[in-house]
Structure formats: structure tokens, C-alpha cells
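Student: So you can see what is in the structure, the chains are spelled out below.
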Amino acid sequence: MEEKLTQRSVWEKILNKLRKRSLWMLHYCTGCGAIELPPTMTARFDMERFGITPMVTPRQADILLITGYLSAKTLKRVILTYEQMQAPKWVVGFGSCTINGGMYWNSYATIKKLDRYVPVEIYIAGCMPRPEAIINSFNVLIQRIDEGKANSWKDYYENYDYYKKNQEAVLGKFDTLVDIKDDAKKFNIV
Amino acid sequence: MEYKTENEIIKEIKKVFKQAKCSIKKERRIEVILNKRNIMEFALRMQKNWDFPHLSAISCVDWIDEKQFELVYHFWSYNKKVLVSAKIRIPREKEPHTDSIASLWQPAKFFERDIHEMFGVVFDGNNELEKYILTDWDGPPPMRKDFITREFALNFYSYREYNPEWLQEIIKQGDKND
Chain A
1 MEEKLTQRSV
11 WEKILNKLRK
21 RSLWMLHYCT
31 GCGAIELPPT
41 MTARFDMERF
51 GITPMVTPRQ
61 ADILLITGYL
71 SAKTLKRVIL
81 TYEQMQAPKW
91 VVGFGSCTIN
101 GGMYWNSYAT
111 IKKLDRYVPV
121 EIYIAGCMPR
131 PEAIINSFNV
141 LIQRIDEGKA
151 NSWKDYYENY
161 DYYKKNQEAV
171 LGKFDTLVDI
181 KDDAKKFNIV
Chain B
1 MEYKTENEII
11 KEIKKVFKQA
21 KCSIKKERRI
31 EVILNKRNIM
41 EFALRMQKNW
51 DFPHLSAISC
61 VDWIDEKQFE
71 LVYHFWSYNK
81 KVLVSAKIRI
91 PREKEPHTDS
101 IASLWQPAKF
111 FERDIHEMFG
121 VVFDGNNELE
131 KYILTDWDGP
141 PPMRKDFITR
151 EFALNFYSYR
161 EYNPEWLQEI
171 IKQGDKND
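Just so you know, the sequences run in chain order A and B. So in the numbering used here, the last spot in the first sequence is 190, and the numbers never skip. So in the numbering used here, the last spot in the second sequence is 178, and the numbers never skip.
Note that these hints are calculated values from the structure, not bench results. Every value quoted in this text rests on a predicted model; they were computed, and no experiment measured them. Some hints could be false.
[Unchecked claim] Just so you have them, the derived chain A footprint on chain B, three or more residues with Cβ under 8 Å:
id, stretch
1, 121 to 127
2, 157 to 168
[As the list claims (entries may be wrong)] Mimicking BS3-like on lysine-lysine, the simulated pairs with C-alpha atoms at most 30 Å apart in a straight line are:
id, chain 1, residue 1, chain 2, residue 2
3, B, Lys131, A, Lys73
4, A, Lys76, B, Lys145
5, B, Lys67, B, Lys48
Just so it is clear, CB atoms sit at the ideal spot from N, CA and C, and this is done for glycine as well.
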């Protein structure tokens, strides 16, 4: 093995093995993408065989699944939700709306690039993506967690000024009641 | 078609509002063009005298070439089964004023709040005209025709570049076929 085996890295590897099989998902359903989730969760495609279940509160969720387009108003709620989640946390952008505005690209209120406002781990392309695509993307996420590559959430702590600047350009000044820079010290990121 | 009930309603309206232009659009649909001043009295009579207890909606049309806003009030009668669309025109200014009918119908407050947000029309007598959907919006009322949505979106947001080779080939082929 190339990298050094410290006590910390060994623990991290074990934790990642455990994490990848118990992912709790908070789905933020703003657009039409929500219609693809019931078949994904229930008997036909059965997401739970990979250890993924829906979770009702952001405090206990690992994945934030954003289905469909975001307007300036809902983006604020997404940021508030995202900052409440406990790290490690992963955002999955679902559908072409989160990638580039989708079919609502020329609206005055639709957010175009989600990764300017919160760090996105995986995008699922399509309008709409089928449940197979969702499950496939979750499998990719599981694999990345296992390999220790799913570190997009750290980017929010490292480059908080960049995200904050983009958020305030759209939403104006607002307070999220979460001290991100203080949190970053806890994770030994800054 | 004889339009019996429709003609009776128009006769009733004509008795009071002599200058109103009434026409039957089709079965069970009546259009009334009113003066801006008369809308409050008209709405009151609709509710109290002429048995139209239901205000379906208020909608706004931006006639930018004529420099006017058109407000359309839709009244429905459950007994007569007729929809009356009363139309008034107000000048197209930055903050045009008109009378609120919220004292007659409570739901009108909601419709008027929506129109105030999207078109900038001020309804005198309605004290609940704060923001509804566009809480973080400071720009001009977005449903006005002189607000060009696409131009605003292109300047305000940044877009992801996506121009792969296979797409360029398709575009080239499309040009040849034209």
C-alpha cells in the first residue's frame, strides 16, 4: 500500500465500510422528480437492499437528494437543510434541472448550477432519470465512500467563502444560524 | 340557442350600468366591460342582488401597446350556472391604483396580493399586499411584459458550458439539410 497506515486512517477505513451500508436519505422534492422516488423506495426497485432508507429529518440524514428544479426561494431552504446535516454528508443532484436549469433554464427564479451553492457529490442526468439510474448512482456513491473518495462535503468547509458569496449573490444577505468556520475546526479541515 | 338566462342577466346589468358593454361569448359565459370606477358597486350588486356568491379568480393582462392593464373578475352563480367576466382597464404606470374588493370577498385579498406582486398593481383598501412567492425578489414585477425574463436570466445566472463533439456534428448536419 502506498499511503501510510496511521491509526486515524485505519479507523476511517472501517467507518467507511460501515457508512456505505447504512445511508439515510433526505429527499427534497421540489419538482417533478419526486414521482420517481416511490417506485425506487418500494417493492419494485427496493432501495433498502443497498441499505438506503428515507429519513425525515436532516439531523440524521447522510444523503440530500435534490429532485428537480430549485427556485431562489427553495434554494434558501436547501442551504438551511444542508447546513443542519451532520458530516459526512453528500448531495445528489437529480435530473437535468439541477445541472443546468433543465427545461426551466430561462426563468428569472430558477437556479442553474447547484454546485455553485452547495457541493454536489453526484449528478444524475436525465429528465427524468428512471429508478434504475437512481439506484445506479447510489451504487457509485457507495463505491466512492468505500474507496474514501466521496469528500465533496469537505469542500464546503474549505471553500466556504466561495459558496457564501454565490449564495448571497442570489438570495441577498441571510443568516443560517450555523457557524461553518467553527464546525470546520472540529473536523480538522482548516 | 336562445341564451335565456344569459339575456336576463344582461338585462339586469344594463338597468343599473347603462354604459357597460355586455356580450355573450358562448353558452353560460358573459363578458362585461366596465369603467374602472364602477367595479366596487358592480361586485356589490353581483354578490347581494344578482345571486353571484362565488368569486372564482381575478386575473391581470398587460396590454403593453395600449399602455393599459386589464383586470378580469370572474363571478360564478351556482343557481344560474353562469360565469360573468367583468373587465376593467387601468392605466399602465409604475404603481397603478385601483379599488380592492376584499371587503366583499375575503379570498380577493389573496388574488390581489398575487397581482400586486406579479404586476405591481396597488389595490386601495387591501392592507395585506406583502410579498407572497417572491420573498427574496427586489427587481421589477416579473410578469410585466417589459421585463424580459430571458435577458435577465442570462445576465444574472451563470450557465454550464456543454458543447461536445457529437452535438456539433448534429448541428452541422442540420444546417446542410436546411
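Student: Indicate, hint by hint, whether the structure satisfies it.
Tutor: Hint-by-hint comparison with the structure:
For a cut-off of 8 Å, the count of residues in the stretch 121 to 127 of chain B with a CB near a CB of chain A stands at 0, and the three-residue condition is violated. Using a Cβ-Cβ cut-off of 8 Å, 5 residues of the stretch 157 to 168 of chain B lie near chain A, which meets the minimum of three, so the contact claim holds. At roughly 12 Å between alpha-carbon atoms, B/Lys131 and A/Lys73 fall within 30 Å of each other, so this suggested pair holds. For the hint linking A/Lys76 to B/Lys145, the alpha-carbon distance of about 28 Å falls within 30 Å, and the restraint holds.
Among the hinted pairs, B/Lys67 with B/Lys48 is inconsistent with the structure: their alpha-carbon atoms are about 34 Å apart, more than 30 Å.
Of the numbered hints stated above, those contradicted by the structure are hints 1, 5, listed in ascending order.
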